[in-house]
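Please put together the full structure from these sequences, using the hints given.
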Amino acid sequence: MFEAPVQAIAAAAVWALIAVSAIWPLPGGWLPAADKYLPPRWLGFAMGMYAATQVRGIPHPRAATHAVWACGLGLPAGLYGYAEGPDIVRTLGFGALGAGLLILLQRVPERWFGRGPLAWLAGLGTISYSFYLLHQPIILLLNGWGHSLGLALIPLFFVALATSGTLTVAVATALYRGVERPFLVRGSMSAVVIEGDRRAG
1 MFEAPVQAIA
11 AAAVWALIAV
21 SAIWPLPGGW
31 LPAADKYLPP
41 RWLGFAMGMY
51 AATQVRGIPH
61 PRAATHAVWA
71 CGLGLPAGLY
81 GYAEGPDIVR
91 TLGFGALGAG
101 LLILLQRVPE
111 RWFGRGPLAW
121 LAGLGTISYS
131 FYLLHQPIIL
141 LLNGWGHSLG
151 LALIPLFFVA
161 LATSGTLTVA
171 VATALYRGVE
181 RPFLVRGSMS
191 AVVIEGDRRA
201 G
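Just so it is clear: in the sequence shown, position 16 is 16 by UniProt numbering, and no numbers are missing.
Be aware that a few hints might be false.
[Said to hold, decoys possible] FRET-style restraints, in silico, Cβ to Cβ:
1) Ala64 - Glu84: 24 to 34 Å
2) Arg177 - Gly85: 36 to 46 Å
3) Arg62 - Pro155: 16 to 26 Å
4) Val159 - Leu104: 17 to 27 Å
5) Gly178 - Trp69: 32 to 42 Å
6) Ile88 - His66: 39 to 49 Å
7) Asp87 - Arg177: 31 to 41 Å
8) Gly178 - Tyr80: 22 to 32 Å
9) Ala83 - Gly178: 34 to 44 Å
10) Pro155 - Gly72: 27 to 37 Å
11) Trp69 - Pro155: 34 to 44 Å
12) Asp87 - Pro155: 20 to 30 Å
These are computed hints drawn from the structure, not numbers from a lab.
Heads up, the beta-carbon is just placed ideally off N, CA and C, and yes, glycines get one too.
Printed below as a string of structure tokens:
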């Protein structure tokens, strides 16, 4: 009953954060050195959180098409921003790429997750998977740590993606199994007990 209003409020809040993150640095901000308070990479974080609120039960029939466009446009934009463009282009590009990949992964046919190396992905929780798998690789890519490797841009991108992806999948899995799943199980058990008491009363 309350799921739709809560999702709408969450989406509106994240869009507000995205707008503030994008607009505040442009005129110099309200504080000195505003980029230290709201660096452009926060925009990628906000986009990841917005994708996490929308990835389940996307009603739009062309969501997969939009996700493909987001990946197709986001990757070159992110690479251009990473090479010589402004930070906002880099953040928007990689943020769109991450959101598109997440939506596409959620819409992959069910049979692909039932066997093979992708089967374990089905065990990841929506919250931990969306949160850590989206924003952490973006932050790692934007931190510039890979410049010390002396690689060209394209190899550096794939090395960073593989490294950060492996680390964040491991973190997401550990947090899901150690924190999120026990919490969800406990919440489900509490709901069953409350419902049973209500019926008994």
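Cross-check of the supplied hints:
Between Ala64 and Glu84, the C-beta spacing of about 32 Å keeps the proposed range 24 to 34 Å intact. Taking the beta carbon of each, Arg177 and Gly85 are about 39 Å apart, inside 36 to 46 Å as hinted. Here the CB-CB span from Arg62 to Pro155 is close to 34 Å, at odds with the stated 16 to 26 Å. The hint said 17 to 27 Å for the Cβ distance between Val159 and Leu104, and at roughly 22 Å that hint holds.
The hinted window of 32 to 42 Å between Gly178 and Trp69 holds, with their beta carbons roughly 37 Å apart. For Ile88 and His66, the hinted distance range of 39 to 49 Å is not satisfied, since their beta carbons lie about 21 Å from each other. Distance hint check: the CB atoms of Asp87 and Arg177 are about 35 Å apart, consistent with the given range 31 to 41 Å. Take Gly178 and Tyr80: their Cβ atoms lie about 39 Å apart, and the range 22 to 32 Å is violated.
Taking the beta carbon of each, Ala83 and Gly178 are about 39 Å apart, inside 34 to 44 Å as hinted. A C-beta distance of roughly 21 Å is found between Pro155 and Gly72, which places it outside the suggested range of 27 to 37 Å. About 26 Å separates the C-beta atoms of Trp69 and Pro155, a value inconsistent with the hinted range of 34 to 44 Å. Here the CB-CB span from Asp87 to Pro155 is close to 22 Å, well matched to the stated 20 to 30 Å.
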